[in-house]
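Note that the protein sequences, when read in sequence, are chains A and B.
So in the numbering used here, the last spot in the first sequence is 395, and the numbers never skip.
So in the numbering used here, the last spot in the second sequence is 395, and the numbers never skip.
No lab work stands behind these hints: they were computed from the structure.
Each hint should be verified, as a subset may be incorrect.
Note that identical chains are pooled: a pair holds if it fits in a single copy or bridges any two copies.
[What the hints assert, rightly or not] DMTMM-like, lysine to aspartate or glutamate: derived pairs with alpha carbons at most 25 angstroms apart:
#	residue 1	residue 2
1	K250	D180
2	K137	D68
3	K330	E254
4	K149	D205
5	K274	D68
6	K274	E295
There are 2 protein chains.
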Amino acid sequence: MTITIAVDGMGGDHGPSVVVPATVDFLRRDPDCSVVLVGREETLRPMLARWSAEFAGRIVIRHASEVVEMHEAVASALRGKKDSSMRVAVDLVKAGEADAAISAGNTGALMAISRFVLKTLPGIDRPAIASILPTVGGHVYVLDLGANVDCQAEHLRQFGIMGALLVSALEHRERPSVGLLNIGEEDIKGNDVVKQAAELLKQSDLNFYGNVEGDDIWKGVTDVVVCDGFVGNAVLKSSEGLAQMIAGGLKEEFSRNLFNKLVAVLALPVIRAFKRRFDHRGYNGASLLGLRGIVFKSHGSADAYAFRCAMERAAEAARQRLPERIAARMALIHPEAVGA
Amino acid sequence: MTITIAVDGMGGDHGPSVVVPATVDFLRRDPDCSVVLVGREETLRPMLARWSAEFAGRIVIRHASEVVEMHEAVASALRGKKDSSMRVAVDLVKAGEADAAISAGNTGALMAISRFVLKTLPGIDRPAIASILPTVGGHVYVLDLGANVDCQAEHLRQFGIMGALLVSALEHRERPSVGLLNIGEEDIKGNDVVKQAAELLKQSDLNFYGNVEGDDIWKGVTDVVVCDGFVGNAVLKSSEGLAQMIAGGLKEEFSRNLFNKLVAVLALPVIRAFKRRFDHRGYNGASLLGLRGIVFKSHGSADAYAFRCAMERAAEAARQRLPERIAARMALIHPEAVGA
Chain A
56 MTITIAVDGM GGDHGPSVVV PATVDFLRRD PDCSVVLVGR EETLRPMLAR WSAEFAGRIV
116 IRHASEVVEM HEAVASALRG KKDSSMRVAV DLVKAGEADA AISAGNTGAL MAISRFVLKT
176 LPGIDRPAIA SILPTVGGHV YVLDLGANVD CQAEHLRQFG IMGALLVSAL EHRERPSVGL
236 LNIGEEDIKG NDVVKQAAEL LKQSDLNFYG NVEGDDIWKG VTDVVVCDGF VGNAVLKSSE
296 GLAQMIAGGL KEEFSRNLFN KLVAVLALPV IRAFKRRFDH RGYNGASLLG LRGIVFKSHG
356 SADAYAFRCA MERAAEAARQ RLPERIAARM ALIHPEAVGA
Chain B
56 MTITIAVDGM GGDHGPSVVV PATVDFLRRD PDCSVVLVGR EETLRPMLAR WSAEFAGRIV
116 IRHASEVVEM HEAVASALRG KKDSSMRVAV DLVKAGEADA AISAGNTGAL MAISRFVLKT
176 LPGIDRPAIA SILPTVGGHV YVLDLGANVD CQAEHLRQFG IMGALLVSAL EHRERPSVGL
236 LNIGEEDIKG NDVVKQAAEL LKQSDLNFYG NVEGDDIWKG VTDVVVCDGF VGNAVLKSSE
296 GLAQMIAGGL KEEFSRNLFN KLVAVLALPV IRAFKRRFDH RGYNGASLLG LRGIVFKSHG
356 SADAYAFRCA MERAAEAARQ RLPERIAARM ALIHPEAVGA
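Here chain A stands alone, though its shape is the one from the complex (with noise of 0.2 angstroms):
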């Protein structure tokens, strides 16, 4: 089977010449897949001249007018910019001529735009964004991270459901275990909603570990750790600020002074080593969850090694049919929602 993903060209702080050599590299390794690739074709056809022999017929370039900027309003992107490379890339999966579409652009509008296009699934009240984290021992899925605020339990049922779909669609895997993001506090355990939650996913039939905590995340409790988009992004963001803490602190005093710097040198590889176990760029590739087609979001400061991950993800969801899966599962849970 073929699989064809519309890929943003623009999108991204970095654009085609991040997005190009990703998708060169991405077909290189997966002769079953081919592109479309979105945006100004005389931008974007000089970058490919030189592979055009290589995958003739692999690459497809679709002319999209405008570009979605990275702050841009949802509103303005959405209604203002109906030929933008992201809109085109989606409008693509809607018609049929793609079975993903991939995005380094803006969240807020590449959200905005697939639920405007692709509508949710029948029984799914919200789309969600799923990430991947590293963890002591492998890594977890988290969801949501931001697509929605003021969740009900409904909602968090539903996270855990396509959160487990997810995993074992893009890693085989059976039973994945679901987590829900609680705090430890003995009086009061948790809001009301997050206790509700509980209730619904213990009587699912998911893999439901129960009740886990910041802290579980990174320990790696479980596959997918379930939680309302404010805390998710909260914690997300949080993540990101106090790991370049980290970061710029060790730096800086391994750069103190000629002895620190010639530690420094000698501990290179040791670090090396240390950022590929944690590398983050291998983790890329968000998952618009509970839409009608498969939308993938790669970090906006991706490079092409974490691009052509990101697309490695859409691929394989895809090839296993997501989307479709997770309808299946909701006609079971909801046979009226979907008018089964």
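Starting from the known structure of chain A, arrange chain B on it as the hints suggest.
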């Protein structure tokens, strides 16, 4: 003015083996303070014997027959152990025999006991827990860290006021800046409660910075960050977990083989300097704010240095009459609520 601190001598992972040396060190450094050490007299008396001459009259032992366990249910600690060292320490504040209480015990129990014994200040709906975290260039106070979930906008405003007054009292700063933790996705910009809280904080006479995101906590963008206790606890716990994962990963890489171990020996002074810089022990001492009395919580695993730091914070809060400052500010805002 002599400040008397009631110290729960039995709380925390290490009990008196940490509390006693911390108390000795604290009293040596602050000749204007005295301590009532609360706990089992038969345990504490022999441990203090060698310092009885040095601190004659500055350490008093108050016997308490029970101990609240670290994982004991709050109800059991509150209703079942009226002669616990934690309870008696808080009772001493209520009775005016101590200016502040401090415990390294169970946070939930300490908050429940403090709230029950001391009651909240007029105009304060809910007490909050405020902690200090290191930032790139200094430190930041964050509240609430788990005392309240399901906060309303008015609660967040009160947290902002209390947090600002805490910084003023402990650091002698006039108008500390206050940020409201929010998320940045363009189309949502936070939940309804946070949006309303931002309006209330704008209208207040606080030095309100506006919204901050998770990574801004570590960048030290503001002096105070205000959030719901659920979010604050999730961020705090996940940060602890991430820092542990990074530290553990570095340790593993540096001990992977003989060469790495040799590099580690050379790098030790650099790593130590780094650790000192972000030493969480110096930030020990969470404040239970909004009560009619001063209560501080030390981390359960604190060592003597960390516990002493928390004692110093409690003493300074007492010296600055923090509860009176909060009450006075609330009386200006809600004269009707305080019967003025």
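### K274 and E295: within-copy, between-copy, both or neither at 25 angstroms Cα
For K274 and E295, both the intra-copy (17 angstroms) and inter-copy (11 angstroms) Cα distances are at most 25 angstroms.
### Message
Treating 25 angstroms as the Cα threshold, decide for K149 and D205: within, between, both or neither.
### Response
neither (29 angstroms within a copy, 39 angstroms between copies)
### Query
How would you classify K137 and D68 at a CA-CA limit of 25 angstroms: within, between, both, or neither?
The answer is within: 21 angstroms in one copy meets 25 angstroms, while 61 angstroms across copies does not.
### Task
Check K330 against E254 for me: Cα-Cα at most 25 angstroms, and say if that holds within a copy, between copies, both or neither.
neither (39 angstroms within a copy, 42 angstroms between copies)
### Status of D180 relative to K250 across identical chains (alpha carbons, at most 25 angstroms)
Answer is both: 20 angstroms inside a copy and 23 angstroms across each meet the 25 angstroms cutoff.
#### Entry: 25 angstroms Cα threshold - placement of D68 relative to K274
between (31 angstroms within a copy, 22 angstroms between copies)
Checked against the numbered hints above, the structure breaks hints 3, 4 and satisfies the rest.
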